[in-house]
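Throw the hints in and build the complete structure from the sequences for me.
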Amino acid sequence: MVLDFTQGAWAASCVCRSWRSASRRPHLWTNFRIMSGCTGGGSFSHRRPTFIRYKNPIAILQTALRCTGSCKLDWHVEIRFDDCIGNRRRIHSLLDVLMSHSERWACVSLTIPSELGKYLERVRGKVPELRRLTFVGCDPESSWEPDDAPLIRAFAIAPKLRRVSVENALLRLTYSRLTSFTASFSLYFPDVIPPLFVIKHCVRLRYMEANIVGRINHHHFEVDTTKPSVSNTSLRHLTINDPALLAYLSLPALLSLDIGDIGCLSCLSFITPFLDISQCSLTRLYFRDSAFSGAPLADILSLVPCLTDLGIGFHTDSDAIARQLGRIDLVLAELIKSLLVVDGKQHRLVPKLKRFDFMSRIYWADCQFVGPALVNMLHSRKRTMRRASFRWAVPRVVRFPNLSHACLVALHRMKEKGSDITICALDHVGGSVL
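Residue numbers (my numbering): 2 to 435.
It is worth saying that the hints were derived from the structure and are not from the lab.
The calculated BS3-like cross-link candidates involving lysine-lysine, where the alpha carbons are at most 25 Å apart (straight line), are:
id: 1; residue 1: Lys416; residue 2: Lys355
id: 2; residue 1: Lys161; residue 2: Lys73
id: 3; residue 1: Lys119; residue 2: Lys161
id: 4; residue 1: Lys418; residue 2: Lys338
id: 5; residue 1: Lys73; residue 2: Lys127
id: 6; residue 1: Lys353; residue 2: Lys416
id: 7; residue 1: Lys383; residue 2: Lys338
Quick list of simulated restraints, FRET-style, between CB atoms:
id: 8; residue 1: Leu304; residue 2: Ser94; range: 54 to 62 Å
id: 9; residue 1: Ser235; residue 2: Leu304; range: 19 to 27 Å
id: 10; residue 1: Thr385; residue 2: Ser235; range: 28 to 36 Å
id: 11; residue 1: Leu304; residue 2: Arg328; range: 18 to 26 Å
id: 12; residue 1: His202; residue 2: Pro306; range: 27 to 35 Å
id: 13; residue 1: Gly312; residue 2: Val204; range: 23 to 31 Å
id: 14; residue 1: Ile153; residue 2: Met360; range: 31 to 39 Å
id: 15; residue 1: Pro306; residue 2: Asn212; range: 24 to 32 Å
id: 16; residue 1: Ser71; residue 2: Arg123; range: 20 to 28 Å
id: 17; residue 1: Pro306; residue 2: His238; range: 14 to 22 Å
Even for Gly, the Cβ is constructed at its ideal location relative to N, Cα and C.
Set out below in C-alpha coordinates:
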(Lines of atoms letter the chains of each structure in order from A and count residues from 1; the text may use other names and numbers.)
(Lines give C-alpha, C1' and ligand atoms only; values in the text may rest on other atoms or scores of the structure.)
Protein backbone atom coordinates (compact mmCIF):
# COMPACT_ATOMS: atom_id res chain seq x y z
CA MET A 1 0.00 0.00 0.00
CA VAL A 2 1.00 3.64 -0.37
CA LEU A 3 1.11 5.51 2.94
CA ASP A 4 -1.92 7.51 1.90
CA PHE A 5 -5.06 8.12 3.97
CA THR A 6 -7.23 7.40 0.90
CA GLN A 7 -5.85 3.88 0.28
CA GLY A 8 -5.24 0.50 1.86
CA ALA A 9 -5.72 -0.15 5.56
CA TRP A 10 -6.05 3.58 6.24
CA ALA A 11 -9.25 3.76 4.21
CA ALA A 12 -10.51 0.37 5.40
CA SER A 13 -10.36 1.43 9.04
CA CYS A 14 -12.82 4.25 8.34
CA VAL A 15 -15.58 2.08 6.84
CA CYS A 16 -17.10 0.59 9.99
CA ARG A 17 -16.23 -1.00 13.33
CA SER A 18 -15.69 -4.51 11.92
CA TRP A 19 -13.44 -3.21 9.13
CA ARG A 20 -11.50 -1.15 11.64
CA SER A 21 -10.96 -4.27 13.72
CA ALA A 22 -9.85 -6.28 10.65
CA SER A 23 -7.48 -3.52 9.52
CA ARG A 24 -5.47 -3.93 12.74
CA ARG A 25 -4.04 -7.24 11.56
CA PRO A 26 -0.27 -6.69 11.36
CA HIS A 27 0.30 -8.40 8.01
CA LEU A 28 -1.92 -5.80 6.28
CA TRP A 29 0.62 -3.10 7.10
CA THR A 30 3.87 -4.85 6.30
CA ASN A 31 3.94 -3.96 2.59
CA PHE A 32 4.02 -0.22 1.95
CA ARG A 33 5.48 2.48 -0.29
CA ILE A 34 6.89 5.92 0.41
CA MET A 35 6.82 8.14 -2.64
CA SER A 36 7.82 11.68 -3.44
CA GLY A 37 6.32 13.94 -6.06
CA CYS A 38 2.71 13.21 -7.00
CA THR A 39 0.73 10.14 -8.03
CA GLY A 40 -2.28 9.62 -10.23
CA GLY A 41 -2.94 10.03 -13.93
CA GLY A 42 -3.87 13.10 -15.90
CA SER A 43 -2.40 16.53 -15.59
CA PHE A 44 -0.23 17.52 -12.66
CA SER A 45 -3.04 19.65 -11.15
CA HIS A 46 -5.25 16.56 -10.77
CA ARG A 47 -2.66 14.41 -9.05
CA ARG A 48 -2.61 13.73 -5.31
CA PRO A 49 0.37 14.80 -3.26
CA THR A 50 2.17 11.71 -1.99
CA PHE A 51 3.37 10.77 1.43
CA ILE A 52 6.45 12.91 1.62
CA ARG A 53 4.38 16.07 1.04
CA TYR A 54 2.14 15.46 4.09
CA LYS A 55 2.27 17.80 7.06
CA ASN A 56 3.69 15.22 9.44
CA PRO A 57 4.87 12.13 7.52
CA ILE A 58 7.15 10.99 10.35
CA ALA A 59 4.21 10.42 12.71
CA ILE A 60 2.27 8.61 9.98
CA LEU A 61 5.18 6.27 9.27
CA GLN A 62 5.69 5.56 12.96
CA THR A 63 2.00 4.71 13.32
CA ALA A 64 2.17 2.35 10.34
CA LEU A 65 5.25 0.63 11.75
CA ARG A 66 3.58 0.15 15.12
CA CYS A 67 0.69 -1.55 13.35
CA THR A 68 3.09 -4.10 11.82
CA GLY A 69 3.91 -5.54 15.23
CA SER A 70 6.94 -7.79 14.87
CA CYS A 71 6.26 -8.86 11.26
CA LYS A 72 8.89 -8.66 8.57
CA LEU A 73 8.72 -5.58 6.35
CA ASP A 74 8.46 -5.25 2.58
CA TRP A 75 8.82 -1.61 1.63
CA HIS A 76 9.56 0.62 -1.35
CA VAL A 77 10.95 4.14 -1.30
CA GLU A 78 10.74 6.30 -4.41
CA ILE A 79 12.42 9.68 -4.08
CA ARG A 80 13.08 11.79 -7.13
CA PHE A 81 16.30 13.75 -7.47
CA ASP A 82 14.45 17.10 -7.49
CA ASP A 83 12.58 16.29 -4.27
CA CYS A 84 15.79 15.35 -2.52
CA ILE A 85 17.11 18.91 -2.98
CA GLY A 86 14.24 20.64 -1.18
CA ASN A 87 13.31 17.92 1.34
CA ARG A 88 16.64 16.46 2.35
CA ARG A 89 16.09 16.85 6.10
CA ARG A 90 12.63 15.30 5.96
CA ILE A 91 13.86 12.43 3.81
CA HIS A 92 16.73 11.72 6.20
CA SER A 93 14.24 11.67 9.10
CA LEU A 94 12.06 9.16 7.26
CA LEU A 95 15.05 6.95 6.55
CA ASP A 96 16.07 7.18 10.21
CA VAL A 97 12.68 5.79 11.23
CA LEU A 98 12.93 2.95 8.71
CA MET A 99 16.52 2.15 9.63
CA SER A 100 15.53 1.80 13.29
CA HIS A 101 13.55 -1.28 12.14
CA SER A 102 16.20 -2.64 9.77
CA GLU A 103 16.35 -5.95 11.62
CA ARG A 104 12.85 -6.67 10.20
CA TRP A 105 13.54 -5.73 6.57
CA ALA A 106 12.73 -8.64 4.23
CA CYS A 107 12.31 -7.00 0.82
CA VAL A 108 13.60 -3.52 0.04
CA SER A 109 13.09 -1.52 -3.15
CA LEU A 110 14.94 1.77 -3.56
CA THR A 111 14.37 4.33 -6.28
CA ILE A 112 16.64 7.03 -4.97
CA PRO A 113 19.51 9.36 -5.91
CA SER A 114 22.96 7.95 -5.29
CA GLU A 115 23.64 10.40 -2.46
CA LEU A 116 21.06 8.59 -0.30
CA GLY A 117 23.03 5.40 -0.76
CA LYS A 118 25.69 6.94 1.48
CA TYR A 119 23.06 7.60 4.15
CA LEU A 120 21.87 3.99 4.09
CA GLU A 121 25.38 2.74 4.80
CA ARG A 122 24.46 3.01 8.47
CA VAL A 123 22.46 -0.25 8.27
CA ARG A 124 25.56 -2.26 7.39
CA GLY A 125 25.45 -5.49 9.38
CA LYS A 126 21.92 -4.73 10.69
CA VAL A 127 19.72 -6.47 8.07
CA PRO A 128 19.66 -10.14 9.17
CA GLU A 129 16.31 -10.92 7.47
CA LEU A 130 16.86 -9.15 4.13
CA ARG A 131 16.16 -11.51 1.22
CA ARG A 132 15.56 -9.28 -1.78
CA LEU A 133 16.99 -5.89 -2.82
CA THR A 134 15.94 -3.72 -5.76
CA PHE A 135 17.75 -0.52 -6.67
CA VAL A 136 16.83 1.98 -9.39
CA GLY A 137 19.15 4.95 -9.89
CA CYS A 138 17.38 8.22 -10.57
CA ASP A 139 20.23 10.75 -10.73
CA PRO A 140 20.32 12.84 -13.90
CA GLU A 141 23.70 11.25 -14.66
CA SER A 142 23.32 8.01 -12.70
CA SER A 143 23.84 5.86 -15.77
CA TRP A 144 27.18 7.53 -16.48
CA GLU A 145 29.15 7.90 -13.25
CA PRO A 146 27.21 6.55 -10.26
CA ASP A 147 28.75 6.37 -6.80
CA ASP A 148 27.84 2.78 -6.00
CA ALA A 149 30.36 1.86 -3.30
CA PRO A 150 28.38 3.11 -0.23
CA LEU A 151 25.19 1.35 -1.32
CA ILE A 152 27.07 -1.91 -1.90
CA ARG A 153 28.71 -1.67 1.53
CA ALA A 154 25.34 -0.99 3.16
CA PHE A 155 23.98 -4.41 2.22
CA ALA A 156 27.23 -6.39 2.01
CA ILE A 157 26.60 -8.10 5.37
CA ALA A 158 23.17 -9.65 4.80
CA PRO A 159 23.29 -13.40 5.47
CA LYS A 160 19.89 -14.15 3.81
CA LEU A 161 20.17 -11.82 0.80
CA ARG A 162 19.76 -13.94 -2.33
CA ARG A 163 18.09 -11.75 -4.99
CA VAL A 164 19.22 -8.35 -6.29
CA SER A 165 17.76 -6.26 -9.12
CA VAL A 166 19.46 -3.15 -10.49
CA GLU A 167 18.31 -0.59 -13.05
CA ASN A 168 20.11 2.44 -14.44
CA ALA A 169 23.12 2.06 -12.19
CA LEU A 170 26.56 0.49 -12.22
CA LEU A 171 26.70 -1.80 -9.20
CA ARG A 172 29.82 -3.94 -9.04
CA LEU A 173 28.46 -6.53 -6.61
CA THR A 174 30.63 -9.02 -4.80
CA TYR A 175 27.97 -10.67 -2.62
CA SER A 176 29.13 -14.27 -2.33
CA ARG A 177 25.70 -15.60 -1.24
CA LEU A 178 23.78 -14.06 -4.14
CA THR A 179 21.83 -16.56 -6.28
CA SER A 180 19.75 -14.27 -8.53
CA PHE A 181 20.77 -11.02 -10.24
CA THR A 182 18.68 -8.95 -12.66
CA ALA A 183 20.10 -5.79 -14.18
CA SER A 184 19.31 -3.15 -16.76
CA PHE A 185 22.19 -0.91 -17.78
CA SER A 186 22.22 2.19 -19.96
CA LEU A 187 25.85 2.05 -21.01
CA TYR A 188 29.00 -0.03 -20.96
CA PHE A 189 32.25 1.33 -19.59
CA PRO A 190 35.54 0.36 -21.28
CA ASP A 191 37.20 -0.57 -17.99
CA VAL A 192 34.40 -2.69 -16.53
CA ILE A 193 31.47 -4.72 -17.85
CA PRO A 194 29.10 -5.00 -14.84
CA PRO A 195 27.47 -8.35 -15.72
CA LEU A 196 30.87 -10.00 -16.08
CA PHE A 197 32.02 -8.50 -12.79
CA VAL A 198 28.99 -9.95 -11.01
CA ILE A 199 29.36 -13.38 -12.64
CA LYS A 200 33.01 -13.52 -11.61
CA HIS A 201 32.58 -12.48 -7.97
CA CYS A 202 29.16 -13.92 -7.06
CA VAL A 203 30.28 -17.52 -7.03
CA ARG A 204 26.89 -18.98 -6.00
CA LEU A 205 24.91 -17.19 -8.69
CA ARG A 206 22.31 -19.44 -10.35
CA TYR A 207 20.12 -16.99 -12.33
CA MET A 208 21.14 -13.84 -14.17
CA GLU A 209 19.33 -11.46 -16.50
CA ALA A 210 21.25 -8.56 -18.04
CA ASN A 211 19.59 -6.14 -20.45
CA ILE A 212 21.99 -3.69 -22.04
CA VAL A 213 20.96 -0.56 -23.92
CA GLY A 214 24.57 0.23 -24.92
CA ARG A 215 26.52 -2.20 -27.10
CA ILE A 216 29.84 -3.93 -26.55
CA ASN A 217 31.06 -3.89 -30.13
CA HIS A 218 30.27 -1.43 -32.90
CA HIS A 219 29.27 1.23 -30.37
CA HIS A 220 31.75 1.61 -27.50
CA PHE A 221 34.66 -0.79 -27.79
CA GLU A 222 35.59 -3.96 -29.61
CA VAL A 223 35.48 -7.36 -27.95
CA ASP A 224 38.99 -8.29 -26.85
CA THR A 225 39.21 -12.02 -27.54
CA THR A 226 42.67 -12.22 -25.94
CA LYS A 227 41.24 -11.65 -22.48
CA PRO A 228 40.71 -14.80 -20.38
CA SER A 229 37.16 -16.05 -20.00
CA VAL A 230 35.18 -15.32 -16.86
CA SER A 231 34.15 -18.66 -15.38
CA ASN A 232 31.30 -19.46 -13.01
CA THR A 233 30.52 -23.06 -12.11
CA SER A 234 27.14 -22.42 -10.45
CA LEU A 235 25.23 -20.29 -13.01
CA ARG A 236 22.27 -22.26 -14.41
CA HIS A 237 20.09 -19.69 -16.19
CA LEU A 238 21.34 -16.75 -18.26
CA THR A 239 19.24 -14.14 -20.09
CA ILE A 240 21.04 -11.46 -22.09
CA ASN A 241 20.18 -9.14 -24.95
CA ASP A 242 23.74 -8.72 -26.22
CA PRO A 243 25.42 -11.91 -27.46
CA ALA A 244 28.84 -10.23 -27.35
CA LEU A 245 28.88 -10.98 -23.61
CA LEU A 246 29.33 -14.65 -24.47
CA ALA A 247 32.78 -13.88 -25.87
CA TYR A 248 34.02 -13.45 -22.29
CA LEU A 249 32.18 -16.29 -20.55
CA SER A 250 32.72 -19.93 -19.65
CA LEU A 251 29.69 -21.45 -17.89
CA PRO A 252 30.00 -25.24 -17.62
CA ALA A 253 26.86 -25.61 -15.44
CA LEU A 254 24.55 -23.55 -17.67
CA LEU A 255 21.19 -25.19 -18.42
CA SER A 256 19.11 -22.35 -19.90
CA LEU A 257 20.21 -19.62 -22.32
CA ASP A 258 17.82 -16.88 -23.41
CA ILE A 259 19.54 -14.60 -25.88
CA GLY A 260 18.36 -11.56 -27.76
CA ASP A 261 20.11 -9.66 -30.51
CA ILE A 262 18.29 -6.42 -31.22
CA GLY A 263 19.79 -4.81 -34.27
CA CYS A 264 23.06 -6.77 -34.38
CA LEU A 265 23.92 -8.90 -37.40
CA SER A 266 26.48 -11.23 -35.82
CA CYS A 267 24.42 -13.01 -33.17
CA LEU A 268 25.32 -16.60 -33.90
CA SER A 269 29.05 -15.97 -34.28
CA PHE A 270 29.36 -15.57 -30.49
CA ILE A 271 27.30 -18.62 -29.51
CA THR A 272 29.32 -21.40 -31.13
CA PRO A 273 32.67 -20.49 -29.48
CA PHE A 274 30.88 -20.04 -26.15
CA LEU A 275 29.38 -23.54 -26.31
CA ASP A 276 32.75 -25.00 -27.34
CA ILE A 277 34.49 -23.40 -24.36
CA SER A 278 31.78 -24.01 -21.76
CA GLN A 279 30.97 -27.63 -22.65
CA CYS A 280 27.64 -27.18 -20.84
CA SER A 281 24.66 -29.54 -20.96
CA LEU A 282 22.20 -26.94 -22.21
CA THR A 283 18.54 -28.04 -21.99
CA ARG A 284 16.80 -24.79 -22.96
CA LEU A 285 17.72 -22.35 -25.74
CA TYR A 286 15.63 -19.35 -26.71
CA PHE A 287 16.38 -16.74 -29.37
CA ARG A 288 14.69 -13.35 -29.11
CA ASP A 289 14.61 -10.81 -31.94
CA SER A 290 17.50 -12.45 -33.75
CA ALA A 291 18.49 -11.76 -37.34
CA PHE A 292 19.87 -15.30 -37.85
CA SER A 293 22.72 -14.26 -40.09
CA GLY A 294 25.96 -16.20 -40.07
CA ALA A 295 26.08 -19.92 -39.31
CA PRO A 296 22.84 -21.93 -39.69
CA LEU A 297 20.96 -22.84 -36.53
CA ALA A 298 21.68 -26.52 -37.10
CA ASP A 299 25.35 -25.84 -36.32
CA ILE A 300 24.35 -24.43 -32.96
CA LEU A 301 22.00 -27.30 -32.15
CA SER A 302 24.67 -29.86 -32.94
CA LEU A 303 26.58 -28.58 -29.88
CA VAL A 304 23.65 -29.04 -27.46
CA PRO A 305 22.61 -32.73 -27.65
CA CYS A 306 20.75 -32.53 -24.30
CA LEU A 307 18.42 -29.77 -25.48
CA THR A 308 14.74 -30.32 -24.58
CA ASP A 309 13.30 -26.80 -25.13
CA LEU A 310 13.87 -24.66 -28.24
CA GLY A 311 12.24 -21.27 -28.67
CA ILE A 312 12.38 -18.55 -31.30
CA GLY A 313 10.58 -15.27 -30.74
CA PHE A 314 10.27 -11.86 -32.38
CA HIS A 315 8.79 -9.41 -29.92
CA THR A 316 10.32 -6.14 -31.12
CA ASP A 317 8.98 -4.69 -34.36
CA SER A 318 12.30 -3.34 -35.61
CA ASP A 319 13.10 -2.40 -39.20
CA ALA A 320 16.28 -4.49 -39.11
CA ILE A 321 14.28 -7.65 -38.48
CA ALA A 322 11.38 -6.76 -40.78
CA ARG A 323 13.76 -6.34 -43.72
CA GLN A 324 15.12 -9.87 -43.20
CA LEU A 325 11.89 -11.85 -42.88
CA GLY A 326 12.61 -13.62 -46.18
CA ARG A 327 16.08 -14.64 -44.98
CA ILE A 328 14.73 -15.72 -41.59
CA ASP A 329 12.05 -17.79 -43.29
CA LEU A 330 14.70 -19.71 -45.26
CA VAL A 331 16.79 -20.33 -42.14
CA LEU A 332 13.77 -21.67 -40.27
CA ALA A 333 12.81 -23.88 -43.22
CA GLU A 334 16.34 -25.31 -43.22
CA LEU A 335 16.08 -25.88 -39.46
CA ILE A 336 12.79 -27.77 -39.83
CA LYS A 337 14.40 -29.96 -42.50
CA SER A 338 17.40 -30.73 -40.30
CA LEU A 339 15.15 -31.74 -37.37
CA LEU A 340 13.34 -34.40 -39.43
CA VAL A 341 13.82 -37.93 -38.13
CA VAL A 342 14.16 -40.41 -41.00
CA ASP A 343 12.78 -43.98 -40.80
CA GLY A 344 12.17 -43.73 -37.04
CA LYS A 345 15.89 -43.69 -36.26
CA GLN A 346 17.27 -41.55 -33.47
CA HIS A 347 18.36 -38.28 -35.03
CA ARG A 348 21.79 -36.90 -34.31
CA LEU A 349 20.36 -33.40 -33.84
CA VAL A 350 18.77 -32.69 -30.40
CA PRO A 351 17.27 -36.19 -29.99
CA LYS A 352 15.66 -35.22 -26.64
CA LEU A 353 13.73 -32.21 -27.96
CA LYS A 354 10.33 -32.04 -26.22
CA ARG A 355 9.14 -28.47 -26.85
CA PHE A 356 9.51 -26.20 -29.86
CA ASP A 357 7.95 -22.73 -29.62
CA PHE A 358 7.83 -20.03 -32.27
CA MET A 359 6.24 -16.64 -31.60
CA SER A 360 6.28 -13.50 -33.74
CA ARG A 361 4.56 -10.22 -33.00
CA ILE A 362 5.82 -8.84 -36.31
CA TYR A 363 3.39 -8.84 -39.23
CA TRP A 364 4.37 -11.90 -41.24
CA ALA A 365 1.98 -12.34 -44.16
CA ASP A 366 3.49 -15.56 -45.50
CA CYS A 367 5.40 -17.99 -43.29
CA GLN A 368 6.88 -20.34 -45.86
CA PHE A 369 8.42 -22.67 -43.30
CA VAL A 370 4.93 -23.59 -42.06
CA GLY A 371 4.05 -26.37 -44.46
CA PRO A 372 4.24 -30.12 -45.12
CA ALA A 373 7.88 -30.26 -44.01
CA LEU A 374 6.93 -28.90 -40.58
CA VAL A 375 4.10 -31.41 -40.20
CA ASN A 376 6.40 -34.27 -41.28
CA MET A 377 9.02 -33.19 -38.74
CA LEU A 378 6.48 -33.06 -35.91
CA HIS A 379 5.11 -36.47 -36.89
CA SER A 380 8.60 -38.00 -37.02
CA ARG A 381 9.26 -36.81 -33.44
CA LYS A 382 5.83 -37.66 -32.04
CA ARG A 383 7.30 -40.02 -29.45
CA THR A 384 9.42 -37.33 -27.80
CA MET A 385 7.82 -34.03 -28.84
CA ARG A 386 5.35 -33.01 -26.14
CA ARG A 387 4.59 -29.46 -27.25
CA ALA A 388 4.95 -27.48 -30.47
CA SER A 389 3.58 -23.97 -30.82
CA PHE A 390 3.81 -21.68 -33.85
CA ARG A 391 2.13 -18.29 -33.60
CA TRP A 392 2.66 -15.18 -35.68
CA ALA A 393 0.87 -11.93 -36.55
CA VAL A 394 -0.52 -11.14 -39.98
CA PRO A 395 -1.69 -7.78 -41.32
CA ARG A 396 -5.01 -9.17 -42.53
CA VAL A 397 -7.02 -12.38 -42.60
CA VAL A 398 -5.32 -14.70 -45.08
CA ARG A 399 -5.37 -18.37 -46.01
CA PHE A 400 -2.24 -20.50 -45.94
CA PRO A 401 -1.85 -22.69 -49.00
CA ASN A 402 1.18 -24.39 -47.44
CA LEU A 403 -1.04 -26.47 -45.14
CA SER A 404 -3.11 -28.90 -47.17
CA HIS A 405 -6.10 -30.85 -45.92
CA ALA A 406 -3.88 -33.89 -45.41
CA CYS A 407 -1.54 -31.82 -43.22
CA LEU A 408 -4.43 -30.60 -41.11
CA VAL A 409 -5.73 -34.14 -40.68
CA ALA A 410 -2.27 -35.34 -39.60
CA LEU A 411 -2.01 -32.52 -37.04
CA HIS A 412 -5.46 -33.34 -35.69
CA ARG A 413 -4.53 -36.99 -35.23
CA MET A 414 -1.36 -36.07 -33.35
CA LYS A 415 -3.37 -33.84 -31.02
CA GLU A 416 -5.85 -36.66 -30.41
CA LYS A 417 -2.95 -38.86 -29.28
CA GLY A 418 -1.84 -36.33 -26.68
CA SER A 419 0.56 -34.01 -28.52
CA ASP A 420 0.10 -30.33 -27.65
CA ILE A 421 0.43 -28.75 -31.11
CA THR A 422 -0.68 -25.21 -31.94
CA ILE A 423 -0.30 -23.53 -35.33
CA CYS A 424 -2.15 -20.24 -35.70
CA ALA A 425 -1.86 -16.76 -37.11
CA LEU A 426 -3.26 -13.74 -35.30
CA ASP A 427 -4.81 -10.82 -37.13
CA HIS A 428 -4.48 -7.18 -36.09
CA VAL A 429 -7.22 -7.53 -33.47
CA GLY A 430 -5.79 -10.72 -31.97
CA GLY A 431 -8.22 -13.17 -33.53
CA SER A 432 -6.99 -16.57 -34.65
CA VAL A 433 -6.86 -17.01 -38.42
CA LEU A 434 -5.80 -20.66 -38.48
